[in-house]
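Be aware that the sequence shown starts at 900, since it is given in this note's numbering, and climbs by one per residue.
No lab work stands behind these hints: they were computed from the structure. Beta carbons: idealized from backbone N, C-alpha and C, even for Gly. One should not assume that every hint holds.
[Claimed, not checked] Subject to a maximum C-alpha distance of 20 Å in a straight line, what follows is the list of computed PhoX-like cross-link-like pairs (lysine-lysine):
#1 980 - 958
#2 957 - 936
#3 980 - 955
#4 980 - 960
#5 936 - 905
[To be verified] If you anchor each label on the Cβ, the simulated ranges turn out as follows:
#6 937 - 957: 26 to 36 Å
#7 907 - 958: 32 to 42 Å
#8 956 - 905: 36 to 46 Å
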Amino acid sequence: MENQPKTPCPPREEIFRHYGYPEDTPDKGIAVGNWEKDDAFERLAFLPELIPYLDKSKKVKIIFDYDPDYPRALLQVTGQKPFVIPSEDEASEDSGK
Numbered sequence: 900m901e902n903q904p905k906t907p908c909p910p911r912e913e914i915f916r917h918y919g920y921p922e923d924t925p926d927k928g929i930a931v932g933n934w935e936k937d938d939a940f941e942r943l944a945f946l947p948e949l950i951p952y953l954d955k956s957k958k959v960k961i962i963f964d965y966d967p968d969y970p971r972a973l974l975q976v977t978g979q980k981p982f983v984i985p986s987e988d989e990a991s992e993d994s995g996k
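Full structure from sequences and hints, please.
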């Protein structure tokens with residue numbers, strides 16, 4: 900399978916602990932992603948694609964943690980615009996049904 904990770908992904912808590920974050924690190928309002936270390940710098944090139952999702956009226960923070968001796972890199976983003984999942988009715992209207 901092409902999209903399978905090269906190495907199994909450790910649990911989120913383990914990744915945060917590796918990078919020195921406390922156990923009770925809040926995740927509310929924070930977008931978190933982790934990437935295989937071999938792809939991490941290539942993926943950074945796509946950060947400009949986040950710009951439309953950031954709210955200029957909020958404090959924005961983008962944190963990238965990388966360790967060449969650890970299998971995953973960590974990306975955290977705060978200050979994004981609210982994400983609302985459309986109801987089924989709204990989705991139907993948008994699709995022209």
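Structure-based check of all given hints:
1. 980 - 958: Roughly 11 Å separates the two Cα atoms, so the pair holds.
2. 957 - 936: violated (30 Å)
3. 980 - 955: It holds: about 9 Å lies between the C-alpha atoms, which stays within 20 Å.
4. 980 - 960: holds (13 Å)
5. 936 - 905: Between residue 936 and residue 905 the Cα gap is close to 10 Å, so the pair holds against 20 Å.
6. 937 - 957: 26 to 36 Å: The hint (26 to 36 Å, Cβ to Cβ) holds, given that residue 937 and residue 957 are roughly 33 Å apart.
7. 907 - 958: 32 to 42 Å: At 35 Å between Cβs, range holds.
8. 956 - 905: 36 to 46 Å: holds (40 Å)
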